[in-house]
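Chemist: Sequence:
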Amino acid sequence: MPYPADFASLPWTGLDLFRKTSQSLRPYLQCVRSSLTAALTLSNFASQTTERHNVPEIEAQTSPEVVLTPLVIARNENERVLIEPSINSVRISIKIKQADEIESILVHKFARFLTQRAEAFFILRRKPIPGYDISFLITNFHTEEMLKHKLVDFIIEFQEEVDKEISEMKLFLNARARFVAESFLTPFD
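Counting from 1, position 96 in the sequence shown corresponds to residue 96 in the working numbering; the numbering is continuous, with no gaps.
Misleading hints may appear alongside valid ones.
Quick list of simulated restraints, FRET-style, between CB atoms [said to hold, decoys possible]:
no.	residue 1	residue 2	range
1	181	34	21 to 27 Å
2	182	54	56 to 62 Å
3	37	117	23 to 29 Å
4	68	174	39 to 45 Å
5	117	164	17 to 23 Å
6	65	126	27 to 33 Å
7	99	52	16 to 22 Å
8	27	173	18 to 24 Å
9	71	176	36 to 42 Å
10	54	184	33 to 39 Å
11	34	167	38 to 44 Å
12	48	167	42 to 48 Å
Quick list of in silico lysine to aspartate or glutamate cross-link-like pairs, EDC-like style, CA-CA up to 16 Å [to be verified]:
no.	residue 1	residue 2
13	170	100
14	170	101
15	97	163
16	109	59
17	164	103
18	97	165
19	164	79
20	97	79
21	127	59
22	170	103
23	97	160
Honestly, the hints are just simulated from the structure, not real lab data.
Beta carbons are placed, not taken as given, at the ideal position from N, Cα and C, and that holds for glycine.
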């Protein structure tokens, strides 16, 4: 049975990912996508230490038997994703590409801007894991309220867009610096 003509444009297929990204970014994001999809098989699991409590086990670390092996997916030494799954939650930490000091400052300011508005994102943690720029915490309650493939799409699109945003901010900053330098040096001509 042939697929409909617009099958590749459906947002949940992941095929539209290949149209927008660069050749070197595709395998990295596809690996992150498949790993996140596998890690987001979460179930409701009550705390083994406190009765009538349900806390994210990846955060509490009270029962080592329900915390799974963490997974690091690295594109290079400056760009990687840490996926820490457990039985009822997944913590996703992202290290954003920082090629120079300007990008490092921009990433720090951008991450700080986002983490100050963590309530609006629901899954964004206020404080990232050490060594990473931004962390997300997805619990079984999030997967019950939201579609799992949409959560994965959000994380992947976030990675794509934050790289684009940092690049655009760097270009704007360089253009602004050039304009300021030219206007400062014009009286000396």
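Chemist: For this structure, which hints from the list above don't hold up?
Modeler: Violated hints: 1, 7, 8, 10, 11 and 16; rest satisfied.
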